[in-house]
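Full structure from sequences and hints, please.
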Amino acid sequence: MLKDKNWYQINNVEDIISPSLVVFPKRIEANIKLMIQIAGGTDSLRPHIKTHKIAEIINMQLNHGITKFKCATIAEAELLAKCGAQDILLAMQPIGVNIERFFELIEQYPNSSLSTIVDNEESIIKINSAALKKELVISLWLDINSGMNRTGIKPNNEATLLYQKIDLSSNLVAKGLHVYDGHIRESDFNLRKEICDKDFDLVLELKNMIELLGIKIQTIVAGGTPTFPIHVKRDDIEVSPGTSLLWDQRYAGAFKDLKFFHAAVLVGSIVSKPSEDLICLNLGHKSVASEMDFPRLKLLNMKNLKQVSHSEEHLVVECNGSDEYSVGTICYAIPTHICPTVPKYEKVLTVIDGEVTGDWKVAARDHSTK
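Going by full-length UniProt numbering, the sequence shown opens with residue 1, and the numbers climb by one from there.
Derived by calculation from the structure, the hints in this document are not laboratory data.
Some hints here could point you the wrong way.
Taking lysine to any residue pairs in the SDA-like style, the calculated list, with each CA pair at most 20 Å apart, reads [claimed, not checked]:
#1 K303 / V271
#2 K347 / E56
#3 K126 / S169
#4 K361 / A55
#5 K344 / D359
#6 K26 / K273
#7 K5 / K259
#8 K273 / T329
#9 K259 / K298
#10 K3 / K33
#11 K133 / G96
#12 K344 / G358
#13 K286 / I17
#14 K306 / S275
#15 K126 / N98
#16 K193 / K233
#17 K33 / K82
#18 K82 / E56
#19 K26 / K303
#20 K165 / I215
#21 K26 / T329
#22 K306 / R250
#23 K193 / G253
Dropping the structure here:
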């Protein structure tokens, strides 16, 4: 059933509001199992929830024995805590009011262990000061820039001193290093591994420098979906795949070595045929992630199409054989980038064996789950 070429088709699809995003729980289940298989068990897994932001998918992972998670927002951390996750890493350095919100979560959910990342001395001082006032001890990871140049501090002597600063702070615990390498996207696995290992050698050198100060690095949280099969072979590592749970066309096309199933599909419709060779679908910017060049989705049940223009509500495609499609025709599509597509929807529909079985709330799509 999972490998059926028409796996995405839905009975009575004409009754579904279009556009909608649907997910397939059996395929998500298979992806969780594959994730665990690649990781060699659950001990090294710390999956990211930024792709789905959905309680039911968190619970599916909990049922498979996964206890550690990673997230990008306070709302995602809150959702994980509500689901009873034991160990939650907020992998976005909290600033301003989010420091207070982070502390509120720690106080509200004492059965969950919450930690976060920092990459500068000012943040360390502010978080330690707030922890001192609240009589709390906060766990921090030092965020390392291994080449992505987005956040983090480069793995040099300054990073060594910064980690020591965390360790010496009165109300902080130095948990380890956080290293996200989302810039490594080579399709060829051997080349991807070569680049990943080369970048990570600098992280290991930093680890050794810190440990020469008498400070033990217990764990390094490393990688995303493309590199987690590489990192998981190392000692004292936790890995954080995320896109692997729902999968998308970008990763499916780029990483043939990763055999995850597509588990999220857009359902749209043809709303107009403005000329002989043009078809307009209702899958605009508000329905699918559009930060990348065309194609922004892969149409599963329509062929010979070229995406030519995109606006808020409309996607126009050029079609050589437009006569075979009529206004009202349902289209199924895989987003090129699933992560920013999901939060465009308040809820996703669930489909099992071709039947719509219910819906799941995208609970952490906003600033709060309330």
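Each hint tested on the structure:
no., hint, result
1, K303 / V271, "holds (17 Å)"
2, K347 / E56, "holds (12 Å)"
3, K126 / S169, "holds (11 Å)"
4, K361 / A55, "holds (8 Å)"
5, K344 / D359, "holds (15 Å)"
6, K26 / K273, "violated (36 Å)"
7, K5 / K259, "holds (15 Å)"
8, K273 / T329, "holds (11 Å)"
9, K259 / K298, "holds (18 Å)"
10, K3 / K33, "holds (16 Å)"
11, K133 / G96, "holds (16 Å)"
12, K344 / G358, "holds (18 Å)"
13, K286 / I17, "holds (15 Å)"
14, K306 / S275, "holds (14 Å)"
15, K126 / N98, "holds (12 Å)"
16, K193 / K233, "holds (11 Å)"
17, K33 / K82, "violated (23 Å)"
18, K82 / E56, "holds (12 Å)"
19, K26 / K303, "violated (27 Å)"
20, K165 / I215, "holds (11 Å)"
21, K26 / T329, "violated (27 Å)"
22, K306 / R250, "holds (17 Å)"
23, K193 / G253, "holds (18 Å)"
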